[in-house]
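Visitor: What follows is the residue order along each chain.
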Amino acid sequence: MIRRLLYHGGLAALAAVLLVWTLLPLFHMLVLSLTPINAIFVGKLWPDQPTVANYGIIFREENHYLGHFWRQLWNSVFVAAMSCLIVLSVATLASYAIGRLKLRFGPLVTNLSLVTYLIPAVFLAVPFYQVIAEYNLLDSLWGLVFAVVTFTTPYAIWVLRNYADSVPYELDEAAMVDGATPWQIFRLVYLPLIRPAMLAIGTFASLHAWNEYLYAFLILSNELKLTLTVTLGLFRSDDSAPWSLLMAVGVLYSIPPAALYYAVRKYMVTGLTAGGVKD
Amino acid sequence: MTSRPIPAKAAADPGVRPGGLSTDAAWGVFFLLPYCVVFMLFVVYPIGYAAWLATDKASYVKLFDDPIYWRTAWNTLVFLVVGVNLKMILALFLSGFFALPYLWVRIVGVLFILPWAVPHIPSIMSIRWMLNSEWGMINVLLFDLFGIIGPTWLTDPRYGLGAIIVVHIWKYLPFWTMILVAGRMAIPRDLYEAAMIDGTGPVQRFRFVTFPQLKALFLTSTMLTTIWSLGDFNSVYLLTGGGPGDRTNTLATMGIRYAFRQADFKAGTVTMVSALPVLIPLVILLTCRLAANRRRP
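These protein sequence lines map, in sequence, to chains Z and X. Position one of the first sequence corresponds to residue 115 (my numbering), numbered consecutively onward. Position one of the second sequence corresponds to residue 121 (my numbering), numbered consecutively onward.
Since the hints were made in silico from the structure, they are not lab data. Each residue gets a CB set at the ideal place from its N, CA and C atoms; glycine is no exception. One or more of the hints may lead you astray.
[Said to hold, decoys possible] Stretch-level coverage of chain X by chain Z, calculated; a stretch enters the list once three of its residues show a Cβ under 8 Å from a Cβ in chain Z:
#1 178-190
#2 226-232
[Stated by the list, open to error] Short, incomplete list of chain X residues facing chain Z, as computed with Cβ under 7 Å:
#3 Leu152
#4 Pro239
#5 Ile241
#6 Met343
#7 Ile347
#8 Cys408
Isolated chain Z, as found in the complex:
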């Protein structure tokens, strides 16, 4: 009896510590976002006069740090959507070629893309920046889209390919006997069957694009071209900047990816177990 009590008490204590550890920085973000701009220098657990005025200032673009809030939000959405679309197209096509057409150089492509997936993106940042400059894509959202595509497609191929292995190949063969071309099989047999993995990969690519900081910060410089992550990063060098506004943007910026993640969690787990792991 006492042992059981101790056991459950211990578990509850552990859970309490974990929750404080996990939620404190996020709670702090929320608290600051509700604190009037001139009242943030107190470190309170809850503001004396909580207000949502900061959100209004952001929506009306009244602070020069966030003078292009809507435009930059749109940029983030655009990059996420385009990255998602291109990653899905490129990766489904490639995974079909590697997994279904059984090409002789299929394994080579798999391994090459695996290597790309393993190397951290920052290690390619310097030459990548120069190459982007050469392609005339500096300060263009497409430059950022291609950066995201480059670093997420390998993982996408890997996951799709592994997932496709669980789909019976007999369906392809049946379609072939009926005289379908590989393109028809791809569209009518393959794509419908791998839809759960595509959902996981699409989410993964959009989240990756939405959260990307380093490449956005290197490639984009014009205020009208920045994504919101870069604007958030600008506050880094300035303690006198309106941090309440920064945190309010942080709250707004965190909600869509968190919601998306929880909505497709089931599929993400499928994707993750099919493809090993990726953070």
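Please build the complex by placing chain X on the supplied structure of chain Z, with the hints as guidance.
Guide: Leaving out everything else, chain X in the frame of chain Z:
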């Protein structure tokens, strides 16, 4: 195996060219072309360019003469050894907690994954403000509760690197915990039942059942997170910016600093290249491991 059904029929069918393999290969090229274009333009070309930049001997001399470089290399080592091990040991321990079959533990698990689900940048900025020595929440609480005047977390290099490691763990611990939870769930229940019949305690069950079953996954995960931690730019750059006095840089931020603050692309590239002796063996090992895992049914 391949998509050629019955050779005799194919030969008789006028729609199929003689030598169906070349048609297959043509289709293969068609499907692979988009990825090959991306790979050539954005992977092969930059890597080739980097290889050319990295042939500059003067940059190696510049780097190895720069005391900040050695400080950075040391920081990177500390970050990897302490950060990765602490994170993975905690993840292994916590995965035991989150694998418990209670509903409330599952709910805690859903909240616990939040740091991984929300974008990195706002959370780091939030923690940065919390750690502000004068008006951050942490030092205010320390003073109010215990009367302690907290240290200057981010402007003291000793604490700065510690803060970076803490933020890194805060962000990535949930993910690896969940991976190990999934690993634990896959262990057959009857192994535990057999161990219970043998009268083993929880420690022995962990040692003789859980850990041997989890070892391969744990090792792969540790290697993966070592590589990715090496590439964790955000935690360092947004928290301390490598400061004060460039004493909390890691190789990731140092390379960017050389290239973009000093406009020395060669030194920047060479900084990244100097991590290759660690990176290449890990990448090769992992490629083999992951490819082998895939082939296993």
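Visitor: Indicate, hint by hint, whether the structure satisfies it.
Guide: Hints versus structure:
Closer than 8 Å: that is the beta-carbon criterion, and the segment 178-190 of chain X has 0 residues meeting it against chain Z, so the requirement of 3 is violated. Chain Z is given as covering the segment 226-232 of chain X, and this holds because 4 residues of the stretch bring a CB closer than 8 Å to a CB of that chain, at least three being needed. Taking 7 Å as the C-beta cut-off, the interface hint given for Leu152 (chain X) holds, the closest approach to chain Z being about 5 Å. The interface hint given for Pro239 (chain X) is met, as the beta carbon of that residue sits about 4 Å from the closest beta carbon of chain Z, less than 7 Å.
Contact between Ile241 (chain X) and chain Z, as hinted, is supported at the beta carbon level, the nearest pair being about 5 Å apart and thus within 7 Å. Annotation: Met343 (chain X) was flagged as interfacial toward chain Z, and the flag is violated, the nearest CB pair being 9 Å apart, outside 7 Å. At a threshold of 7 Å, the smallest CB-CB gap from Ile347 (chain X) to chain Z is about 6 Å, leaving the interface hint in force. For the restraint placing Cys408 (chain X) at the interface with chain Z, the shortest Cβ-Cβ distance is roughly 9 Å, beyond the 7 Å limit, so the hint is violated.
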